[in-house]
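Trainee: Note that full-length UniProt numbering numbers the sequence shown so that position 15 is 15, with each residue one more than the last.
Don't read these hints as lab results, they were simulated from the structure. All values reported here derive from a predicted model rather than from experimental measurement. Heads up, the beta-carbon is just placed ideally off N, CA and C, and yes, glycines get one too.
Each computed SDA-like pair below joins lysine to any residue, with the alpha-carbon atoms no more than 25 Å apart: (1) Lys58 with Glu70; (2) Lys49 with Thr16; (3) Lys53 with Ala63; (4) Lys53 with Gln38; (5) Lys49 with Ala69.
Distance windows between CB atoms, simulated: (6) Arg23 with Pro54: 28 to 36 Å; (7) Ser72 with Met35: 27 to 35 Å; (8) Leu56 with His12: 26 to 34 Å; (9) Thr16 with Lys58: 33 to 41 Å; (10) Arg71 with His12: 19 to 27 Å; (11) Asp2 with Arg23: 17 to 25 Å.
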Amino acid sequence: MDGLEATRRIVHHYSTHDSKQRRRPIIIGLSADAMTEQEDEGLLNGMDKYLRKPVLKKDLVSALHEFVAERSIPSSNDLN
1 MDGLEATRRI VHHYSTHDSK QRRRPIIIGL SADAMTEQED EGLLNGMDKY LRKPVLKKDL
61 VSALHEFVAE RSIPSSNDLN
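All chains should be modelled from the sequences, with the hints used to inform the complete structure.
Mentor: Structure, rendered in structure tokens:
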């Protein structure tokens, strides 16, 4: 199973099962492929971010901070 298939399955699972009570995990794609089509396909299939190898530390830290900040703000469902 490749990353795209794993992403599809994760997204499907969280959209169809009782997982609606839980947030879907953040999916950050990682590839050595330099083609933008690969990135586009990953994002269209549910990846939240796409990074290319070799990954620069600043890019990885930035992506992680983005999602940590997003997840630390309670959603309206969390408040009810």
